[in-house]
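The listed protein sequences correspond, in order, to chains A and B. Here UniProt numbering is used: the first sequence runs in plain steps of one and ends on residue 229. Here UniProt numbering is used: the second sequence runs in plain steps of one and ends on residue 342.
The set of hints was computed from the structure by calculation and includes no laboratory data. Only a predicted model underlies this, so the values are computations on that prediction, with no experimental measurement involved. Treat each hint with caution, since some may be false.
[Claimed, not checked] In the SDA-like style, the derived pairs of lysine to any residue whose C-alpha atoms are separated by at most 25 Å in a straight line are:
#, chain 1, residue 1, chain 2, residue 2
1, A, Lys204, B, Val127
2, B, Lys100, A, Arg79
3, B, Lys146, A, Leu132
4, A, Lys204, A, Thr136
5, A, Lys131, A, Pro227
[To be verified] Computed, partial: chain A to chain B, Cβ under 7 Å:
#, residue
6, Glu114
7, Leu133
8, Ile137
9, Ser138
10, Ala205
11, Val208
12, Val217
Glycine included, each C-beta is placed from N, C-alpha and C at the ideal position.
Spelled out, the chains give:
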Amino acid sequence: MAEVEESSKPLFAGLSDISISEDIPVEGDISVPVGSQNSDNDFSTLDEPVKDTILRDLRAVGQKFVHVMYPKKSSALLRDWDLWGPLLLCVTLALMLQGGSADSEEDGRPQFAEVFVIIWFGSVIITLNSKLLGGTISFFQSLCVLGYCILPLTVAMIVCRIVLLGGSGLVSFVVRLIVVTASFSWSTFASTAFLADSQPPNRKALVVYPVFLFYFVIGWMILTFSPSH
Amino acid sequence: MSASQGSTNTNTEPWGSFDDNIIQGSGSAVIDMENMDDTSGSSFEDMGEMHQRMKEEEEVTAEAAATEEDNGEYGEFLGMKGLKGQLGRQVADEVWQAGKRQASKAFNLYANIDILRPYFDVEPNQVRNRLVESLIPVRMINFPQKVAGELYGPMMLVFTMVAILLHGMKTSGTVIREGTLMGTAIGTCFGYWLGVSSFIYFLAYLCNAQITMLQMLSLLGYGLFGHCMVLFITYNVHFHSLFYILWLVIGGLSTLRMVAVLISRTVGQTPRLILCGTLAALHMLFLLYLHFAYHKMVEGILDTLEGPNIPPIQRVARDVPIVANAAVNATIKSIAAFVQSQ
Numbered sequence: 001m002a003e004v005e006e007s008s009k010p011l012f013a014g015l016s017d018i019s020i021s022e023d024i025p026v027e028g029d030i031s032v033p034v035g036s037q038n039s040d041n042d043f044s045t046l047d048e049p050v051k052d053t054i055l056r057d058l059r060a061v062g063q064k065f066v067h068v069m070y071p072k073k074s075s076a077l078l079r080d081w082d083l084w085g086p087l088l089l090c091v092t093l094a095l096m097l098q099g100g101s102a103d104s105e106e107d108g109r110p111q112f113a114e115v116f117v118i119i120w121f122g123s124v125i126i127t128l129n130s131k132l133l134g135g136t137i138s139f140f141q142s143l144c145v146l147g148y149c150i151l152p153l154t155v156a157m158i159v160c161r162i163v164l165l166g167g168s169g170l171v172s173f174v175v176r177l178i179v180v181t182a183s184f185s186w187s188t189f190a191s192t193a194f195l196a197d198s199q200p201p202n203r204k205a206l207v208v209y210p211v212f213l214f215y216f217v218i219g220w221m222i223l224t225f226s227p228s229h
Numbered sequence: 001m002s003a004s005q006g007s008t009n010t011n012t013e014p015w016g017s018f019d020d021n022i023i024q025g026s027g028s029a030v031i032d033m034e035n036m037d038d039t040s041g042s043s044f045e046d047m048g049e050m051h052q053r054m055k056e057e058e059e060v061t062a063e064a065a066a067t068e069e070d071n072g073e074y075g076e077f078l079g080m081k082g083l084k085g086q087l088g089r090q091v092a093d094e095v096w097q098a099g100k101r102q103a104s105k106a107f108n109l110y111a112n113i114d115i116l117r118p119y120f121d122v123e124p125n126q127v128r129n130r131l132v133e134s135l136i137p138v139r140m141i142n143f144p145q146k147v148a149g150e151l152y153g154p155m156m157l158v159f160t161m162v163a164i165l166l167h168g169m170k171t172s173g174t175v176i177r178e179g180t181l182m183g184t185a186i187g188t189c190f191g192y193w194l195g196v197s198s199f200i201y202f203l204a205y206l207c208n209a210q211i212t213m214l215q216m217l218s219l220l221g222y223g224l225f226g227h228c229m230v231l232f233i234t235y236n237v238h239f240h241s242l243f244y245i246l247w248l249v250i251g252g253l254s255t256l257r258m259v260a261v262l263i264s265r266t267v268g269q270t271p272r273l274i275l276c277g278t279l280a281a282l283h284m285l286f287l288l289y290l291h292f293a294y295h296k297m298v299e300g301i302l303d304t305l306e307g308p309n310i311p312p313i314q315r316v317a318r319d320v321p322i323v324a325n326a327a328v329n330a331t332i333k334s335i336a337a338f339v340q341s342q
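Can you make the complete structure from the sequences, with help from the hints?
Spelled out as structure tokens, the structure:
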């Protein structure tokens, strides 16, 4: 009885402002299930300032960016997947690839919707393919990995734009080609480091090829991008 | 449930039996809906749902019993707020579970991806062998040839062709109004694969050929391997004569393979002729179409044939080396001269 009351004291500590008319004896099993503790936390995250929530999410996204840039065999990307990072990267890439007026003669430039659709539709196809080949990874985990591995290509896009500021001759083309090729192979390597583990060992090539094609198409879109003069 | 034998049933379950409330069908129209709900479902889905609901109710009541003791006192201490919080959470939980159950039922019924799983059961060396075999026509046409029914290879080939087409459209500066490059490329490739497969399957059904839809899809998909190779080479090296040679050789080989497989599975001269003639025509013409429609060299030819004074090909595709351009110019000039001399 005594230890039951002792363990119950911290639980009632926050209720000191509520007046209790009589001393109600505490009886029974005081083992608090973990659920109610978490529900207390849920209520408290609702009360925290918005800045904290945003910063927490941004920090999670940033951590995953680091995991992509230095692909080691960690399961952090898979365990707590989120789609914020892919959305950010996709929108950034699509905005940067757009850069032209609607009725210009150079209609061959990809529009925002095109890039967006390619990235998400392509990711869905690759995910379905890897699931059909007998993968153990879930749908959204795969989307998360593929989206996050677009980061090197986005960096390459930024570099290409900067290089294009200095003119669009042969030298700039060669530089851009090298940068895009390097980042595209980095993307493919990073995503296969996460995806291929979930496949049976002799079928890795079957999963890698669509990923290679996907990043190749995106890389080629970046390479052939030329800003309107 | 003991609805029908209620009058003679004298069971006394602890929860009280249905006897007093169920009407025996002796002319009275009063039905107690409260008990009808429990006995209404006898179909498979309802039984399954009932079973699941009973299982979940057990869990919920167990959880509620476990937490009730602790939260009973909380309710008293915290006033109404504690009780409402608990109730609200339970209701939300209940709604979530019901929704999840419905969604997973619908999903398992309609969007079951496992239907396609056996068609993707391939090894990399199998895919590689089939790719190579798609260019080798078989010799034995008296014996039905085996066609593998898989969808991985064809799908990857279609997507590769989409990528190659995009590349070709971009380097030739194709302008697409009322649409996007990507949409056009995907539409063309998938439309060809699915559309022509269905059409040839329909013809095969008419001509009594022994081939299933899956096999037709697979056959035509692998036949696109030749197309991919030809397009990849000729979108980068702009020799017209090279294209024609490759069209005949590689396109011809892959068409011959498909045609041979179909012949081996059809009986009778006329059906064979119809089926294989259609397939050969469509397959070869598609390659021709892909080369010319998405690679704007044809503009130069038309300009040249109009009159001898108009210089050939003013509009140059991007990144085309000068040498290849001059070679093409020479070819077209000679063709124009030949036509003019006739």
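task: Mind listing which of the numbered hints don't hold for this structure, in increasing order?
output: 5, 8, 9, 11
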